[in-house]
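J.: Following the hints, position chain D against chain E.
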Amino acid sequence: MVIDETKCIGCGKCLPFCPVQARGFGRSASGGRTFIVIDKDKCIECGVCERAGVCPVDAMHMEELPWPRTVRGILSNPLLEFKATGVPGRGTEEIKTNEITGRVKYGRVGVGIEMGRPGISARWAEVEKVCMAVAKMGIGFCEGNPITHFMADKKTGKLDPTVLNEASLSAIVEFEMDETQIPELFRILREEVNDQIDTVYTFEIAARLEANGTTTVIKAIEDGGYQMLPVSKNNLGLGRPRFQEEVSA
Amino acid sequence: MTHSLHRRGDVESLKKDFLILSCSAKGFNDGWYGPLGSEFVRVCTKHKPVNGGDMKTGNLLYVDPEEIANKVTNTTILEFNFDNKQNVIDCIKELKERDLGISIVISGMIDEVNDIVQKAGLPKVHTREFSLGTHGKTRLLPEWEVLEFTTMCGHAMVASEYVKKAIVEARKGHVSPREAAVQMGKCCSCGNFNVNRAVELMEKNAPLWTSDYPAY
Numbered sequence: 001m002v003i004d005e006t007k008c009i010g011c012g013k014c015l016p017f018c019p020v021q022a023r024g025f026g027r028s029a030s031g032g033r034t035f036i037v038i039d040k041d042k043c044i045e046c047g048v049c050e051r052a053g054v055c056p057v058d059a060m061h062m063e064e065l066p067w068p069r070t071v072r073g074i075l076s077n078p079l080l081e082f083k084a085t086g087v088p089g090r091g092t093e094e095i096k097t098n099e100i101t102g103r104v105k106y107g108r109v110g111v112g113i114e115m116g117r118p119g120i121s122a123r124w125a126e127v128e129k130v131c132m133a134v135a136k137m138g139i140g141f142c143e144g145n146p147i148t149h150f151m152a153d154k155k156t157g158k159l160d161p162t163v164l165n166e167a168s169l170s171a172i173v174e175f176e177m178d179e180t181q182i183p184e185l186f187r188i189l190r191e192e193v194n195d196q197i198d199t200v201y202t203f204e205i206a207a208r209l210e211a212n213g214t215t216t217v218i219k220a221i222e223d224g225g226y227q228m229l230p231v232s233k234n235n236l237g238l239g240r241p242r243f244q245e246e247v248s249a
Numbered sequence: 001m002t003h004s005l006h007r008r009g010d011v012e013s014l015k016k017d018f019l020i021l022s023c024s025a026k027g028f029n030d031g032w033y034g035p036l037g038s039e040f041v042r043v044c045t046k047h048k049p050v051n052g053g054d055m056k057t058g059n060l061l062y063v064d065p066e067e068i069a070n071k072v073t074n075t076t077i078l079e080f081n082f083d084n085k086q087n088v089i090d091c092i093k094e095l096k097e098r099d100l101g102i103s104i105v106i107s108g109m110i111d112e113v114n115d116i117v118q119k120a121g122l123p124k125v126h127t128r129e130f131s132l133g134t135h136g137k138t139r140l141l142p143e144w145e146v147l148e149f150t151t152m153c154g155h156a157m158v159a160s161e162y163v164k165k166a167i168v169e170a171r172k173g174h175v176s177p178r179e180a181a182v183q184m185g186k187c188c189s190c191g192n193f194n195v196n197r198a199v200e201l202m203e204k205n206a207p208l209w210t211s212d213y214p215a216y
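First to last, the sequence lines map onto chains E and D. To convert, note that position 1 of the first sequence is 1 in our numbering; the numbers rise steadily by one, no gaps. To convert, note that position 88 of the second sequence is 88 in our numbering; the numbers rise steadily by one, no gaps.
In isolation and in its complexed conformation, chain E is listed as follows (with noise of 0.2 Å):
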């Protein structure tokens, strides 16, 4: 985001909009005026500011983010579409589809671990820790996935470099493992993320539900000490053409 300090009158209109709190006051060097500045290390580039439409002198606008810049928008802006997957937002389909695509089987867990939610941001540093702890479990992270697509080695969880200093507003750690691994994955976000990181995340866990509409998911949650949370999110099974899947044990 560019201000034209030529037109900024300084009426802090657009102060309040911004969800990392990234503008403040400046003064023309004369001392003449006062105008908006930005704080370029701070902006996440998520446009709310200028689509708040409070500027009574149009003096915001969108610019052309070079690289590695590009990626605070592409993370923090949903009306950016990552043209990886060709789609708006900042994760993939995850459990939206996965009556059609199979993707989280019985017996296997989708997990997202969104660094920076809610209304936090995250330097991606910060997000190359929590990719590298989880992936000494040998998990897979999710293809389409802006995190995933920016990964020097898949294996280790190590992202590209020049990203390292970026921030977003979020930057969602998405993977999936065997159902079995929830203790392992619990025991390394206490001991080697929830202190190491210099931001928050919100924490999820996906699950096929059995004939009986439930899963043992729920217990593994409970015995890692974790509470989950009374909102759910909730694939109806009504999309076609169905993913084949053996019934479960």
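Hints are not guaranteed to be accurate.
With the C-beta cut set under 8 Å, the calculated list includes, among others, these residues of chain D facing chain E [claimed, not checked]: (1) 4; (2) 5; (3) 96; (4) 107; (5) 113; (6) 126; (7) 128; (8) 165.
I should point out that these hints are in silico values taken from the structure, not numbers from a laboratory. Beta carbons: idealized from backbone N, C-alpha and C, even for Gly.
T.: Chain D in isolation, oriented as in the chain E frame:
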């Protein structure tokens, strides 16, 4: 990954917050999803959603539903928000009867969703995603009362500072709770933001909010 999974709030408030979503499956039905997605929009808008839309076209707070339906492409992600459980049941029933063959996802309280699935005549939920909360440096998070608003936009387009400003302005009578909620909802172009719930939260929080906000 989770447009609507991580909403915060008390149980009674979350019981009035549902989201129905549809999108195409890449490599499977993304060659012909568009017209089916348009039908999905028309069915959902019949059942009185509070909000809804898609991130590119915009949401029902400022875009006509037929325009949303007409602009659906093979890769559009569609979302409609409801505050009334019976409307959700009726909507899911109709979607099942129409047999569009596209993936339908519903977010809401686990017990409420189970009841909706049963009453809509579906056998069971196919795949469920559970929220395990927020961890790490949680002292960076804003107040709980602010999170109740901001987490209604999965992309975090509703800034916590704006929510604080809106609460103060509503308390001072400069804007009505609905005006403030609608302005927040416009920031969330997907239509994820439950404006009616935001009005209730505003009416609950504004009189109790003790901190002030810089008068920008």
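J.: Now tell me, hint by hint, if it's right for this structure.
T.: For each hint, the structure was consulted:
| no. | hint | in the structure |
| --- | --- | --- |
| 1 | 4 | 7 Å, holds |
| 2 | 5 | 4 Å, holds |
| 3 | 96 | 7 Å, holds |
| 4 | 107 | 5 Å, holds |
| 5 | 113 | 5 Å, holds |
| 6 | 126 | 3 Å, holds |
| 7 | 128 | 5 Å, holds |
| 8 | 165 | 5 Å, holds |
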